[in-house]
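Novice: For reference, the chains in residue letters:
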Amino acid sequence: MKKRNPWLQTLFWVIISFLTLFPIYWLFVISVKPAVDLFSTPDIILRGAYWQNYVDVWTDRTLRGYMLNSLIISSGNALLCTTLGFFACYALTRFNLGGKESIFFWTITNRMAPPAVFLLPLFLLMTQVYRIGDFTLLDTRFGMIMVYCTFNLPFAIWTLRPTLDGIPRELDEAAYVDGASSWKVISEVVFPLCRPGLAVTLILTWVFAWNEYLLAATLTNFNARTLTTGLSEYVTTTGTEWGIMAAISVFTLIPALIVFTMVQRHIVAGLTFGAVKG
Amino acid sequence: MKIAFRTGASALALCLAAGFAGAQDMTIENQDWWQEAGAKFEGVTLRGVTESTPPSNFVGDVLAPKFEELTGIRVEVETTSWDQMYDKAIKDMEAGTGIYDMVYIEQDIVYAYLARDFLVNTTKALAEKSELKAPGYDEANFTTFADNFRGAEDGDLYGIPMEAFIKIYLYRTDLFGDADIQAAFKEQTGRDLAPATTHKEYAEIAQFFTAYGEENDMDLWGTTAQAHTGHPASWYEFFESVAPTYGVFDWGINPGENYGASVENGGEMNSDAAKEALTWWLSMRDIAPPESVQSTWTEVATTFAAGRVAQGLVYGENAAWIAADETKSRVVGNVGVALPPLQEGVMAAAEAGGGYIGYYDGGAFGLPATSKNQDAALLFLQFMALPEVQEQWAMASRITLDSTYDTPMVKELDEELGGYFTMMKDQGYLFKGAPEYPFHRQVLEATAPTFYSILTGDTPVSEGLDKMAAEAEAELKTLGYRE
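Chains A and B supply the protein sequences, listed in that same order.
The first sequence lines up with residues 217 to 494 when you count with my numbering.
The second sequence lines up with residues 91 to 573 when you count with my numbering.
Since the hints were derived computationally from the structure, they do not count as laboratory data.
Treat each hint with caution, since some may be false.
To be verified - Interface residues of chain A toward chain B, partial, derived using beta-carbon atoms under 10 angstroms:
id : residue
1  : D253
2  : F255
3  : L340
4  : L354
5  : T434
6  : E449
7  : Y450
8  : T454
Computed from a predicted model, the values in this text were never measured in an experiment.
Beta carbons are placed, not taken as given, at the ideal position from N, Cα and C, and that holds for glycine.
Produce the entire structure from the sequences given, and follow the hints as far as they go.
Specialist: Here's what the structure looks like:
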């Protein structure tokens, strides 16, 4: 076998890293520039750091509230979708349900239409679903967790399907022969083997919910506003606050980076799970 | 910069950027009345939606807490982007959900709202409920800008103005006042360098500075242009700001001639004057900074503040921060204001009330008919229009009450802005808001694609304006205006 040139390999990865990381670098450069420099000296070299944008973001209570909403909504939705997706997939892969292929296909149809199609119906639905008295699901974290199921649950089901398909049914049957209950089979046999797939699903649904803008912009007002919609406050008639927006964007990257780093091992395993199943 | 002015200008930056407790310095007269009036609305929270602008942030950060302190009525203001603001407000009023008790309305959309009975007649409501009429609130104190929010038939007010400014001609006093530049200009053109009063002069100055910037390796051009090739801002720049200076008013649509837009049907959208205006504007666009083809209403101001142009038409709401805020502007202390350049006869038409010379922009807070807290909202709307809260608020280049012009901070800022407020006070009547058309958005959307095609050079000016006039008439016919 021909030996690869290490210099070329290094150069290749340097170029790939540069292309991948450059947008993040540029975002960071913008976040540490004062507004007055953004247009008058639009170079991309970092010349000193102006941290005030970060201070402004960090000391803004409203923004902290948006971040908390984003964390609660995306985490709640990711957990809900992954849990429901797991049980839905378990039922559809393990039991002989009539028309299960059609059910699988039907779940994905929710992702075929653009999200804007759902906006008005969801808006009207959320204003009519009452919890207590005059309070509706509109502009609530719980409401947003439910709304994001519209597109995240189908995704979870389809992501988990190859994972569950890849676990031999013989393992379930062996456990049943040993006297295990259905719950024991699920929790002690299937669930541990599904962890990589569950991690991938959890992370990706979390990221989708964390980044979502359109639905949040329409269905939240004062109480459940998320960080992505909060960004729109900085697009003003007297100028766009690029520095502040960039600082917020850097903040929004941090939780995602932390979570990805923590479960990176599972993501790789999950994405390749069942890939060689015959 | 003068210390007094620096203090005044800084007040705005502080109170807007850091949630400044300016409310504590604001003395509200008739406090007992407000306390008594508010007592009836215990536990009520008013909610409003508005575009994220300095005046709107002032409402949320300064006026709302002060109002709550006085009356006990809580006010929450949701600030968002322009498109989201309209989307949310219209959805709420259409569906009747009653989320909002106040919605920001610009004077270009108010006629559409009135046509759909979205808004409460505040004049009538206050006349019927005299117990809610606040001492100090006086409709007669509003500037002429309030006329944009009056019903066509009853003349009553359907929106309480909260920001207003004229679109003015800004120029760099440091460049215009430089002896070497003045000499070079005189040598080249044979006349003194001074703010232009005609389009020819404006073009001469623009060409001179663009060439000067190039020769001296400077990031300097002769003019700004709000000329985005795919955003309505460019359409507005032409029809609101440029076409009127050529005598083409109300977008060239003639209501008196069955809403004709084409010359053939009594309109002016494709008139010779309109074609001349667009040709001139495009020639200016072509020597403006490269970002101009992507500039909307805000980027023009940013370009000016970055010191990249010598002159330009800029929305007045930006005048204060461009002239005073050193954290955002490189031309602090070097900003002069003038009236836009005009064709012969336009000023006379404007003075006679038969036309206008530029755009009077701004907005108001309207009270949705779907609001569940209309009485409490009426109180807050009046509170916003009290003379005693206006002085600090005016630091964002916005004035809605005649009495505000005479306050000390405004006078200080006026001096530093080269007489911007004086111009608004004395010559504001020469400017006009959007035409009183409820079909505003529809006509814009019908004609904008062709307009963008002109901007990209795919369609010639004359052919394009002919097409736009036909498109406008077709849309108006579909809407039932042309019979």
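Novice: Take the shortest C-beta to C-beta distance between A:T434 and chain B; is it under 10 angstroms?
Specialist: Where the cut-off is 10 angstroms and the nearest Cβ of chain B is about 7 angstroms from A:T434, the hint holds.
Novice: For the hint on A:T454, just tell me whether its beta-carbon gets within less than 10 angstroms of chain B.
Specialist: holds (5 angstroms)
Novice: Does A:D253 pass the interface hint, meaning its C-beta sits closer than 10 angstroms to a C-beta of chain B?
Specialist: For A:D253, the interface hint holds, since the closest Cβ of chain B sits about 9 angstroms away, which is under 10 angstroms.
Novice: Just to be careful: measuring from the Cβ of A:F255 to every Cβ in chain B, is the smallest value less than 10 angstroms?
Specialist: Constraint on A:F255 satisfied, holds at 4 angstroms.
Novice: Can we keep the A:L340 interface hint, with Cβ of chain B closer than 10 angstroms?
Specialist: holds (6 angstroms)
Novice: Tell me if A:L354 is really an interface residue toward chain B, meaning its C-beta lies closer than 10 angstroms to one of theirs.
Specialist: With a closest approach of 7 angstroms, the A:L354 hint holds.
Novice: With 10 angstroms as the cut and Cβ atoms as the points, is A:Y450 at the interface with chain B?
Specialist: At about 7 angstroms, which falls below the 10 angstroms cut-off, the nearest Cβ of chain B leaves the hint on A:Y450 intact, so it holds.
Novice: A closest beta-carbon separation below 10 angstroms is what the hint needs, so does A:E449 meet it against chain B?
Specialist: holds (5 angstroms)
Consistency note: the structure conflicts with none of the earlier hints.
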